[in-house]
Structure formats: structure tokens, C-alpha cells
Amino acid sequence: MFFLARQWVDRRDATFAAVLYAVNPYHLVIVYWRSAFAELLASSLLPVLLLLLLRCDGKRRRTVIYLAMVMAGAWLINAPAAVMIHYSLALLIVLAAWLRRSPRLLLAGTAAVILGAALASFYLVPAIYQQKWVDIAQAVSAGSRPLDNFLFVHTTDAEHDAFNRIISWTAIAEIIVIGIGAWAARNWRTRDHELFYTIVIWAVACALLMTPISNPLWSVLPKMRFMQFPWRWMLCLSVPFTLFVVLGFRRWTLRVAIYLAMLCVVGFLWRHYQAPWWDNAADLREMQDNMAPGTGYEGTDEYTPVGADPSSVDKDARRVTVDGPAHAAIHVLQWNAENKNFTAQMSAPDSLALHLFNYPAWRVEVNGQQVSAGTRQSTGQMLVPVEAGLNRVQITFSRTWDRTVGAWISAISLALALLSLRSRKLYNAPNREER
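If you read the sequence shown in our numbering, its first letter stands for residue 252, the second for the next number, and so on.
Accuracy of the hints is not assured; some may be wrong.
Label-pair distances were calculated between CB atoms; the ranges are [said to hold, decoys possible]:
1. W349 to T462: 20 to 30 Å
2. H411 to E638: 47 to 57 Å
3. W259 to P467: 31 to 41 Å
4. V507 to N466: 34 to 44 Å
5. G625 to A378: 18 to 28 Å
6. Q585 to A413: 42 to 52 Å
7. R502 to P467: 36 to 46 Å
I should point out that these hints are in silico values taken from the structure, not numbers from a laboratory.
Because the structure is a prediction, the values reported are computed rather than measured.
Just so it is clear, CB atoms sit at the ideal spot from N, CA and C, and this is done for glycine as well.
Could you build the full structure based on these sequences and the hints that come with them?
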């Protein structure tokens, strides 16, 4: 944010912009209510995105590559934020192309999106392919749908509505400040009309996407509904908020008064709707008690295998049990994230039920021979068939083809991007005779 603001204001004002952006009201909500630190980290990319777009003329290959790196970084940091950043890029690049009468910018933006996706393919290809393994539709079930999370909506969940009031009033406060700041900075329409109209239209788009009037867009635009919460657009709204406070309010006393007023809004919401960290001490102790013996924590439904029911799994069950009537002496030798190794002395052929969901990437070997694991219908747990006598079972999380393909695409794309940057640098460097 400092370097972005430095394009138009002096060092002192740019420093203020950087500090204000870091501690803007939505970031406070992220830290003290949501603990969504990946989304918070993604916010650092938004000023860079705007800075690169304002510098992009469609001819400089280096700018396009840097823009692609921002797009790739967004995917690797936080997927919902990446969706916002990509739609913001689409809006801003179209706006810039129209204001500058330069269709070349559209090609530059498209190239940046494609190269960014290629750089992040080691994550994106598996993420796309492996969606069929899990019940991803649960990510937009009741309570997590965009329809349930527009500003000031009412649901049957009191805690959900309490937090929605916090985020809604915070958004309204920012929108009001942006409106006043835009009016106060209206002289920037003649100084730098592209900057002024860019951040105004960006702010208006973010504000509208948080209201029910935009519901058709959330249903039609690709992957928008998987953002779940329309108020997440406050992440992007924080950039216009910061710039208009700096450009519109030149007096320091007024700036400080505005920020203190925003803090008062947050404090009022804290007091009257929902305090931060609504998990109490007992909840935290329960979580700690579950982690210490390896019981773990309850995951989200959208990442469980299709047909699995996490609520039906016995949390106190041993890691390996006999699924049928046979008797067994079981010794677990290794049990970590990607490798499970144990022995089972069986009285008769049977199946072993593991405290493990049966994802397709698990490779199961019994006595050195690969076997096909079954799935318990009620819970989605893995069932391993074994014979009478001693069975040595090795379960490994294998590297599937999608991970390999994605890694190769990323490696090749990175090599081409670096070669392009280096060749451009060598091309621009003067030789000794020219010096």
C-alpha cells in the first residue's frame, strides 16, 4: 500500500496509508472475530494488483509476468480471495482498456490470468480434479450460501445473525466513509481521472456484490458461490477505503477522527452483538484435550469423501478394529499423515476398519501385495480385507497423476517466465560500446 499511495502523495501520507490499510476495520474483524489469516495475507496482494494495472500498458512483458505472479500467489494463499482478485482484475482491466482506449490491455490481462493459473497448477490441477472425490457441494449448504450472508439478512441461526450484524454495520461504515472521501477528493477527477474512476467503480461493484440485488450474479458467475460470504468483498473494498481517506481528507485531525469513529463502531458492535473469540475457555480446553491423544478435530463436510458421514464416526474408536466376528491382535507400528503401518494376527479372514476415510489416493498393501480397500457405507471409513494369520499392512498416500501433471505445468511455466524476464533484461541492457 505504501508504494501504491506513493504514486500520488508524499512519503508521510503514504506511510499513513500503509498503516491505515493494515489496521482497517475489516482486517480487525478478520483478526479478532474470524481468525481467517490466509485471507488476511491475501489482502497484501490487492494494492500490488492495482499498482501493476495502473502501470500496465499491454506492451511491457515484465508487467504482465508480475501480474501473473500476483494471480498465482492469490490461488496459493486463499482460494476465495483468489476468486475476488480475479474478478477484480477482470473489472479493472476492462475499465482501464476503456479509459485508455487500449484493447491490448485485455490481451495482457488474459495472458496474466492464464500464466498465473499455469504457475499455480501444482495446486489448481489437483484441486479441480479431486473435487469429485469429496462432497464439495456442502461448502454452499444452508448457512454458508451467499443467499444467507448478504448484508443484514435474517436466518434461523442467532449466532450467525449476530456476526452478520457486525460485518454489515462495519461494511456500511466503510461505504459511508468512501462516499464522503470520494466527494472530498473529487478534484482528482481532473488530476488523475483514471485513478479516481477506477477506485470509485471498484468500490461501487464491491458494495453492490454484498447486497441481495446481486444474487443472480452469485448464481451465474463461475465459482462465485464458493466464496460463500458476499461480505468477503470488504477485502477489496478496503483498498478504496484507504485511498479515499488519504486523498480526500488532507487534515491529520480529520483522518484520526474518522479512524477513531470507525473503532467506536467496531467497539459498539463488539459490546452489543458478539464479542471476539466467542469460543470460551472450556471450548479451547476441549480442543486441546482432543488433540493431545490424537483424537483430532471435526473437519468440514465438504472435504469428506462422497457419501461419508463424519458425525457417525466413533471418535473414541481405536485406529484399527475388526469389522466382523474374527479375533485379532493388532500392533500399530507407524501412524502419521501419509503413512500407516501395522500388523494384524487374525483368527479368520475378515476386514479391518480403520479410523481413516477412504480417499482414492490411499495405496493399500497387505503382505507386500496391493489390495483394493473397501468403504463402510455408514461412515466412509476404509475397510482392509485380510486373511487368517499374520498380516502386515502398509497404507501410503500416493502421488496421483493430477499432482504430477500440475507440478510439471508449474515448473515449465516458471522456467518460461524467468527466461522471459531475463531475456528482456538482457535485451534492454546497453552493451559496452554503447556505454
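Now for the hints, and whether the structure bears them out:
About 25 Å separates the C-beta atoms of W349 and T462, a value consistent with the hinted range of 20 to 30 Å. Distance hint check: the CB atoms of H411 and E638 are about 51 Å apart, consistent with the given range 47 to 57 Å. Distance hint for W259 and P467: a CB-CB separation of about 36 Å, consistent with the stated range 31 to 41 Å. Between V507 and N466, the C-beta spacing of about 38 Å keeps the proposed range 34 to 44 Å intact.
For G625 paired with A378, a C-beta distance near 27 Å keeps the hint of 18 to 28 Å intact. Judged by the Cβ atoms, the range 42 to 52 Å given for Q585 and A413 holds: they are separated by roughly 45 Å. At about 43 Å, the CB distance of R502 to P467 agrees with the hint of 36 to 46 Å.
Against the hints set out earlier in the document, no violation occurs for any number.
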